[in-house]
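Listed below, chain by chain, are the residues.
Number of protein chains: 2
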Amino acid sequence: MKYYVGIDFGGTSIKIGIVDEEGSIVVKNSFVTDPHKSGEKIVKDIIEFTQKVMDDSTLPQENILGIGIGAPGLLNPELGQLQLLANVPNLNGIFITKAVSEELNKPVFLDNDVNAMSMGELYYGSGKGKKNIIALTVGTGVGGGIIINGELYRGTTFTAGEIGHMSIDRDGKYCACGNYGCLERYVGKEGIIERFKLYQSKGIETSINKYLENGQVTPKAIAMAANDGDRISIEVLKETGEILGHAIASLVNILNPEMVIIGGGISNAGEVLMEPVRMGMIKHAYIIPAAAVEIVKAKLGNNAGIVGSASLARAKLKI
Amino acid sequence: MKYYVGIDFGGTSIKIGIVDEEGSIVVKNSFVTDPHKSGEKIVKDIIEFTQKVMDDSTLPQENILGIGIGAPGLLNPELGQLQLLANVPNLNGIFITKAVSEELNKPVFLDNDVNAMSMGELYYGSGKGKKNIIALTVGTGVGGGIIINGELYRGTTFTAGEIGHMSIDRDGKYCACGNYGCLERYVGKEGIIERFKLYQSKGIETSINKYLENGQVTPKAIAMAANDGDRISIEVLKETGEILGHAIASLVNILNPEMVIIGGGISNAGEVLMEPVRMGMIKHAYIIPAAAVEIVKAKLGNNAGIVGSASLARAKLKI
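Protein sequence lines, in the order shown, are assigned to chains A and B. Heads up: the first sequence begins at 1 in the numbering used here, then just goes up one per residue. Heads up: the second sequence begins at 1 in the numbering used here, then just goes up one per residue.
Hints listed in this document are in silico derivations from the structure and should not be mistaken for laboratory results. Note that the coordinates shown come from a computational prediction; the quantities given were computed from them, not determined experimentally. You may find that some hints are simply not true.
Intra- or inter-copy, both count: the list cannot distinguish identical chains.
Said to hold, decoys possible - Mimicking DSSO-like on lysine-lysine, the simulated pairs with C-alpha atoms at most 30 Å apart in a straight line are:
#, residue 1, residue 2
1, LYS210, LYS299
2, LYS189, LYS173
3, LYS197, LYS44
4, LYS316, LYS128
5, LYS2, LYS128
Let's have the full structure, built from the sequences with the hints guiding it.
Right, here's the structure in full:
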């Protein structure tokens, strides 16, 4: 049996697991590091945590073939360099794959978390056996991973896949990225909550209060209320799905993928969201590429970070 | 010296040329066929015309390595089959590469005209030496070709690149494809003329009458008037460029290409269009991919069809 380590670097929280060839996690743990430490010390922490998980697995070390690191923010996968991590700026500039590889004597690979998730879905999730995939994570923001001919497409400066910043309305809502009408502003957390509050302000009855998180309306609360039959929540998810489906229609026309995989917090809403997404796509895309594409939920769920990161190593080692 | 035949199948008008390794056309001719003939007879015409051009070249036949056919409409490049040609329906279903190859004893390759143009620009035009390119033809409609890692990306059912049917306004103008807000409706011929007539109706003075084609306002007439300082025409092209640039910003965010090449009738307007395109892109795209991309005019101009089609053969034969 061959194993890969997946390091899901979420900023201060670091999840590390060992993944077998079938995509099952055989051991995992999560750690916290202090973002105020120097970059070198944080890297030392990561190395220690990883060593601990490998020791805990009691696997023969030679069966662990490589290590993949998925991180949010800007990075250079070819150089293995972290470039712009919003939450842990002390790591900016660090060549993390080299540092970890030297200490642990394994090949180490780095990519952004959305690309990692996309590769996880390709190897072990909904995308198994497919070649051309667009993977979307819809949560606070909207991220994207593009797989072409079974390989990640990273683009010229490794920033491909920013599907959340495709404009769906050139006179639309202003986005912090400087653009107008970014998809993320409509189907990301903020957009969903705005839409909910608009309906709520009209006095339509809602059972949302049962599902609030820390007293707040959240996409998760809306998803739960929708599954409980709440009218506003169902409508909000239907609209969100239609907008997302319309945007996916553009992607289907441009890239003609065989599969679009939707993950992230919102995918937990299930069919109340997914069916409007599919309908929105079919209504707006060309008939031939529309008929050729499946739109499905991501499969890996909470394990997407670890399994995806491990997939980065598997993809690069091709073993 | 190695040569390739390029067949630019424009429907009833067929341009055929022989292209050398530097992308120069050594001999060319154009022919007309009757669309009411049977498919078999039209194919026979194409074969005869091609033989004639090869004979006229007086090149040793063994130096002509292959034949590429670029055609508008739906087709299957792997099977070499024409599937849905709007102007010559009698050819639908015909396996054209097999038919031509059997008669002329050369390998024959088929793709759509926009993909052919894109490959021509990659080998011999503005895209020389680049790897990740988006090529756009902006004329009556808007077509696109996507080159990834130096190869055409065709998608799952060979329909990738329909960039004209990316929606830039989800509540926007209705398009005949069934979608709303398609880019083509704003920057294609009809959209440009609509915009011109709107300003003209407001009584702003214009010198367009000097440039009308058959008494009609056309994008070409607008381009010529703009270069002559006509205020409305300049404004129309500026707006068209900004809209196109904003759409390209989405493509830059999604695909992070190193170059975007703009061809088709509108590119003849020159800098009065191109500068707003670049500005529109820079204003709306993320800083890193925006800084990494060049937006340039297509180089091949009137020869794009023949040279591009010949490039299809060169790409496939890899010689």
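Hint by hint, here is what the structure shows:
For a Cα distance limit of 30 Å, the shortest separation of LYS210 from LYS299 inside one copy, 28 Å, qualifies, whereas the shortest one across copies, 63 Å, does not. In the homo-oligomer, the alpha carbons of LYS189 and LYS173 lie at most 30 Å apart both inside one protomer (14 Å) and across protomers (28 Å), since each shortest distance falls under that limit. Proximity of LYS197 and LYS44 under a CA criterion of 30 Å is satisfied in neither setting, with 45 Å inside one chain copy and 67 Å between copies. Proximity of LYS316 to LYS128 under the C-alpha cut-off of 30 Å is found in both arrangements, the shortest distances being 17 Å within a copy and 29 Å between copies.
With identical chains, the CA atoms of LYS2 and LYS128 are at most 30 Å apart within one copy only, with a shortest distance of 18 Å there and 43 Å across copies.
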